[in-house]
Amino acid sequence: MTETYKIDRALDSFNYQQVQSEILEILEKGSDVIIDMTTCNYVSSTGLRVLLYSKKVAAAKGLKICLTGISDEVKDIMNVTGFINFFDYA
Amino acid sequence: MLRVDLFPTHEYKGLKLRAGRPYPFGAMVVGNMVNFSVYSRYATDCTLVLFHNREEKPFVEIPFFKEFRLGNVFSMIIFDLDYENIEYGFRMDGPFNPKEGHRFDRSKILLDPYAKLIVGRDVWGEQPNWDSLYQYRARVVLDDFDWEDDLPLETPVNDLIVYEMHVRNFTCGAASGVRHQGTFAGIIEKIPYLKELGVNCVELMPIHEFDEFENNRISPIDGRQLYNLWGYSNVGFFAPKAAYAASGRYAMQVDELKNMVKHLHRNGIEIILDVVFNHTAEGNEQGPYISYRGIDNKTYYMLTPDGHYYNFSGCGNTMNCNNPNVRDMIVESLRYWVTNYHIDGFRFDLAAILGRDQNGNPMSNPPLLESLAHDPILGKTKLIAEAWDAGGLYQVGSFPSWGRWAEWNGKFRDSMRRFLKSDEQVLAEVKERIIGSPDLYASQGRGIKASVNFITAHDGFTMMDLVSYNDKHNEANGENNRDGENHNNSWNCGYEGESDNPDIICLRHKQVKNAITMLMVSQGIPMILSGDEMGNSQQGNNNAYCQDNEIAWLDWNNLKKNADIFRYFKKIIKFRHMHKVLRYEDHLSHQDYLGYGYPDFSWHGEKAWHPECEHNNLTLAFMLNGQYASTDGQPDDFIYAAMNMHWEMHGFELPQLPQGKAWYVFANTDMEMPNDIYEPGEEPIVDNQNEVLVGPRSIIILVGKNV
Chain G
1 MTETYKIDRA
11 LDSFNYQQVQ
21 SEILEILEKG
31 SDVIIDMTTC
41 NYVSSTGLRV
51 LLYSKKVAAA
61 KGLKICLTGI
71 SDEVKDIMNV
81 TGFINFFDYA
Chain P
91 MLRVDLFPTH
101 EYKGLKLRAG
111 RPYPFGAMVV
121 GNMVNFSVYS
131 RYATDCTLVL
141 FHNREEKPFV
151 EIPFFKEFRL
161 GNVFSMIIFD
171 LDYENIEYGF
181 RMDGPFNPKE
191 GHRFDRSKIL
201 LDPYAKLIVG
211 RDVWGEQPNW
221 DSLYQYRARV
231 VLDDFDWEDD
241 LPLETPVNDL
251 IVYEMHVRNF
261 TCGAASGVRH
271 QGTFAGIIEK
281 IPYLKELGVN
291 CVELMPIHEF
301 DEFENNRISP
311 IDGRQLYNLW
321 GYSNVGFFAP
331 KAAYAASGRY
341 AMQVDELKNM
351 VKHLHRNGIE
361 IILDVVFNHT
371 AEGNEQGPYI
381 SYRGIDNKTY
391 YMLTPDGHYY
401 NFSGCGNTMN
411 CNNPNVRDMI
421 VESLRYWVTN
431 YHIDGFRFDL
441 AAILGRDQNG
451 NPMSNPPLLE
461 SLAHDPILGK
471 TKLIAEAWDA
481 GGLYQVGSFP
491 SWGRWAEWNG
501 KFRDSMRRFL
511 KSDEQVLAEV
521 KERIIGSPDL
531 YASQGRGIKA
541 SVNFITAHDG
551 FTMMDLVSYN
561 DKHNEANGEN
571 NRDGENHNNS
581 WNCGYEGESD
591 NPDIICLRHK
601 QVKNAITMLM
611 VSQGIPMILS
621 GDEMGNSQQG
631 NNNAYCQDNE
641 IAWLDWNNLK
651 KNADIFRYFK
661 KIIKFRHMHK
671 VLRYEDHLSH
681 QDYLGYGYPD
691 FSWHGEKAWH
701 PECEHNNLTL
711 AFMLNGQYAS
721 TDGQPDDFIY
731 AAMNMHWEMH
741 GFELPQLPQG
751 KAWYVFANTD
761 MEMPNDIYEP
771 GEEPIVDNQN
781 EVLVGPRSII
791 ILVGKNV
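Keeping their order, the protein sequence lines are chains G and P. At position 22 of the first sequence (counting the first as 1) the number is 22 in the working numbering, and the numbers step up by one without a gap. At position 483 of the second sequence (counting the first as 1) the number is 573 in the working numbering, and the numbers step up by one without a gap.
Chain G with its partners taken away, still in its complex shape (with noise of 0.2 Å):
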């Protein structure tokens, strides 16, 4: 079972939480999940760490996280701070 995520604008200290406890309740519905960055343009440090959390929790329960839609920018910052490789892409 796969859902998609959907995150829009951006991911950073305003809704951080949010974005966070949704992502954990699909993966507790056993679901791997999709997340749709399309409309996505700004990560921030702690949105980076929200993502690899998501994905550390997920490879804990033999899950899959895999991000799609990424704009050139916020992939350029996922690669200059490392986070890129932590990822897989759809």
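None of these hints come from the bench; they were simulated from the model. It is possible that some hints are incorrect.
What the hints assert, rightly or not - Not everything, but these chain P residues come out facing chain G in the computed CB check (under 8 Å):
hint, residue
1, 170
2, 172
3, 174
4, 232
5, 234
6, 275
7, 341
8, 342
9, 346
10, 352
11, 355
12, 703
To be verified - Now the in silico label distances, taken between C-beta atoms and shown as ranges:
hint, chain 1, residue 1, chain 2, residue 2, range
13, P, 172, G, 25, 18 to 24 Å
14, G, 85, P, 315, 34 to 40 Å
15, P, 311, G, 6, 55 to 61 Å
16, G, 6, P, 157, 44 to 50 Å
Computed from a predicted structure; not experimentally measured. Glycine included, C-beta positions come from ideal geometry on N, C-alpha and C.
Position chain P relative to chain G; hints supplied.
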């Protein structure tokens, strides 16, 4: 089990608070709380000032209540703070009495001396708001980087080949070919190049937060903007330079730098940081309030009896390094960089200052240096001193070491430069340098590993300029050519500056190869200045501290233009890695103490076993016996070097090798590419096994191995 002390006890303008933890100093996130703690011996009161990110006006100023102070520490916990979206500073109350050393000023908003993330100079050269009351702004950082299995590499110090690099100079050049020029990310892009070159340690010129606009001005010569490019002027001791990160505009420099360290480590490359604890960016009495001056001037600075700043750094002020609390801050800073950034070592700028007492007098057993030598977390961290200061204290060979400290060996630079330009009267010194400077380091039992050898460093000429200029040409710095070293021991090979004369170009290339050969076959830790491997020039500028332009930036086109130099560097670096006999840790005995038939090291001359020792001689030869340098029971080869810095050719009789071995030629700087140097392990045999002819100003390296 839930803790009972995690509830607020106070409320102030809607924020929930309680007394904080005094230690550690700085700001730290714990669950839904942020703990703020600041030390000041002489402050009477303190206020925490909070801003939303990049806003000019604070949204709240919270006094540290009486019950939030323990001893001389103010600490406070704030609950449910959106820590990613706040910047914080302090206001300090206390006496303003400069004669007594106090300069408290409540109108100033001050940076936390322990700030882990500093914003305000986020994109290099982007003009800040000069009217802002708070220029360098602390943010709270979450130290949770995923290092996976990374740790400091702990490469044996004698196996290092150090590459001194400036983050911007390395990749800002138009031909660097990297996407993220002048940044930590740009260095990652160049890792394949560093591996091709063969270095296994990069020493980064200062990467602590500094202000590139400090003392910025326009060059009267060429009209260009001059910056504080080198960064020897700290704003903070715990935070990386934001503008060195491609992600600095998003305040992600902490992650970017850690990612760089992780990538370098994966490729077997250590990272040494050049750290500047001798002074700060606050300058003298006329300088700005950034942090320390307003937090606790008398603690942080060395002051004259009438309250003025001592200036042993040459930069206006001197950190009070042997005040116990400043000492603690320095130790904490270094531990932080090792623990949180996995840094492998430190080079201490003007380290002699770290051994001065609070009145500026040199101490015999400076407590700070002793603490660092014995610190448990720094236990395997490389500690390298620039063993002098601007106050005239010169401690090369005598820096207090406790067997832990190495030194930048400035005497190696001076002796080898003089030999390179055929100065007489220098041979005896050169011999000491080649064998790891026992005259400096044997008496305390510090060994060869105490000597960081270099011929060029950021201070002074590049290697190509060393052989292209007799005099410095620093006019573009706007100081009437008064700045920079005057005694360069350089020789221009017959013409001052760039030349199109093929004979001069050929001689300069040979001299560069001679210099790197001297460095690579000498005992000690070799350090190369970034760019020397491609013949980088600074147009004769020997103090390019302010030249954020093509004067200081590496011109990567030189890789093609000086292909023979790059090729030579790669092969001689590989040669050093392959031959343990070049990398002793302790000094040599010059005796055959294991009965191999040859001493571990022997001097020779134009006649084998008969070294020249007249002061005006310009030739020398030596042989290393590989039997004394086995790896897993496998002895190394013999290595023989003949150096002729005379302007005429000399013949050198070769020492006889044991039965079954013969001499093979690895390098001959008198030859042109490709016969100047061979692939290590694939050296051709020497035709005449009894004698080699060494050309004018040339070096020959032979390998003695099984036929």
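Against the structure, the hints come out as follows:
1. 170: violated (11 Å)
2. 172: holds (5 Å)
3. 174: Holds: closest Cβ of chain G sits about 4 Å from residue 174 of chain P, inside 8 Å.
4. 232: holds (7 Å)
5. 234: holds (7 Å)
6. 275: OK, holds: residue 275 of chain P within 8 Å of chain G, min 4 Å.
7. 341: holds (7 Å)
8. 342: Constraint on residue 342 of chain P satisfied, holds at 5 Å.
9. 346: Hint holds; residue 346 of chain P Cβ to chain G Cβ min 5 Å, cut 8 Å.
10. 352: holds (6 Å)
11. 355: This interface hint is violated because 12 Å lies over the 8 Å limit.
12. 703: violated (57 Å)
13. P:172 with G:25: 18 to 24 Å: The hint (18 to 24 Å, Cβ to Cβ) holds, given that residue 172 of chain P and residue 25 of chain G are roughly 23 Å apart.
14. G:85 with P:315: 34 to 40 Å: About 38 Å separates the Cβ atoms of residue 85 of chain G and residue 315 of chain P, which means 34 to 40 Å holds.
15. P:311 with G:6: 55 to 61 Å: Holds, since residue 311 of chain P and residue 6 of chain G (Cβ atoms, about 57 Å apart) stay within the stated range.
16. G:6 with P:157: 44 to 50 Å: For residue 157 of chain P against residue 6 of chain G, whose Cβ atoms are near 48 Å apart, the range 44 to 50 Å holds.
Consistency with the previously given hints fails for numbers 1, 11 and 12, ordered from lowest to highest.
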